[in-house]
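**Q** Sequence:
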Amino acid sequence: MAREETLQEILIEPDAPALHYWRDLWRYRELLWFLVWRDVLVRYKQTAVGVLWTVLRPLLAMAAFTVVFGVLAKMPSGAVPYPLLVFAGLLPWTFFSNALSESSASLIGNANLLTKVYFPRLIVPLGSILASLVDLVISLLLMVGLMLWYGFLPDWRIAALPLFLVLCCLSVCGAGLWCAALNVKYRDFRYLVPFLLQFGLYVSPVGFSTTVVPDSWRLLYSLNPMVGVIDGFRWALLGGRGEIFWPGVALSTLLSLFLLCTGLWFFRRTERTMADVI
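Numbering-wise (the UniProt record's numbering), the sequence shown opens with residue 1 and increments by one.
No lab work stands behind these hints, which were simulated from the structure alone. Predicted model, so just to flag it, every value in this text is computed and none were measured. Be careful, since some hints might not be right.
Derived SDA-like pairs (lysine to any residue); straight-line CA-CA distance at most 25 Å [what the hints assert, rightly or not]:
#, residue 1, residue 2
1, K116, M274
2, K45, F152
3, K116, Y28
Have a look at the derived ranges for each label pair, beta carbon to beta carbon [said to hold, decoys possible]:
#, residue 1, residue 2, range
4, L196, L60, 32 to 38 Å
5, K74, L196, 39 to 45 Å
6, R187, A159, 41 to 47 Å
7, R268, Q198, 49 to 55 Å
8, R269, K74, 46 to 52 Å
9, W149, R38, 14 to 20 Å
10, L72, L257, 18 to 24 Å
11, W246, L153, 37 to 43 Å
12, G151, L254, 50 to 56 Å
13, L72, R27, 54 to 60 Å
Heads up, the beta-carbon is just placed ideally off N, CA and C, and yes, glycines get one too.
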């Protein structure tokens with residue numbers, strides 16, 4: 001008996017309810033994992049140092065920040081070795097920077113795919129963000145090695161680390177959706193993203209502790225969503241010896257949620273015309 005195959009018909013409606021869109025997103029989840037796997041392979045294939053570059057880059061950045069802020073500027077670090085303080089801040093910032101850079105250019109890089117077949121375009125920037133998690137996992141393993149080197153073991157607060165990672169993902173997803181959609185409409189926007197990331201590095205507490213910020217300015221400083229994320233990573237990894245400003249974390253959470261909601265709204269609004277203008 002011949003095997004009967006049931007083909008599922010997909011009806012594309014321009015004004016379909018949002019629920020249909022999220023169902024399509026789940027239906028195409030295998031495409032999401034394929035894009036993630038492809039991005040990871042492309043990132044390390046035919047490279048001179050491969051995964052070693054993921055280790056060298058944060059180590060070199062840690063050394064530079066330690067010399068500039070810890071040795072020359074003599075910034076306080078409390079009871080924490082300054083390299084650990086810096087590396088704990090580099091973990092979320094490097095993930096945010098890489099994921100935002102990759103996701104903002106993801107739609108342009110997959111233009112041929114977007115113009116030929118239908119699938120929820122949201123899959124493309126999400127795939128780039130998830131692929132950047134691989135680098136974060138490698139850096140976390142390096143952080144474990146540094147903590148063992150300094151004899152600095154975490155306590156129960158380490159259980160809160162996934163929550164701050166989710167907070168970081170909310171920020172990068174919101175910003176990534178905005179940048180990806182804007183990059184399709186305005187091609188010169190790709191030159192703005194590196195500048196914004198460089199500026200964000202200077203205004204984020206990557207190389208120093210937020211304790212150097214006056215108390216009267218800390219809430220205003222927390223308008224940068226990455227401030228709460230970096231403080232949270234340090235608090236969770238360094239056993240509470242990394243200072244944390246809880247009102248700032250709450251503000252960062254609200255801003256990250258706002259950024260995500262508005263990013264989804266703007267991305268969905270421009271999605272229907274992406275194939276025409278890309």
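**Q** Each of the hints needs a verdict: does it hold here or not?
**A** Here is how each hint holds up against the structure:
no.: 1; hint: K116 - M274; verdict: 12 Å, holds
no.: 2; hint: K45 - F152; verdict: 35 Å, violated
no.: 3; hint: K116 - Y28; verdict: 15 Å, holds
no.: 4; hint: L196 - L60: 32 to 38 Å; verdict: 22 Å, violated
no.: 5; hint: K74 - L196: 39 to 45 Å; verdict: 30 Å, violated
no.: 6; hint: R187 - A159: 41 to 47 Å; verdict: 44 Å, holds
no.: 7; hint: R268 - Q198: 49 to 55 Å; verdict: 30 Å, violated
no.: 8; hint: R269 - K74: 46 to 52 Å; verdict: 49 Å, holds
no.: 9; hint: W149 - R38: 14 to 20 Å; verdict: 35 Å, violated
no.: 10; hint: L72 - L257: 18 to 24 Å; verdict: 38 Å, violated
no.: 11; hint: W246 - L153: 37 to 43 Å; verdict: 24 Å, violated
no.: 12; hint: G151 - L254: 50 to 56 Å; verdict: 38 Å, violated
no.: 13; hint: L72 - R27: 54 to 60 Å; verdict: 55 Å, holds
Checked against the numbered hints above, the structure violates hints 2, 4, 5, 7, 9, 10, 11 and 12; every other hint is satisfied.
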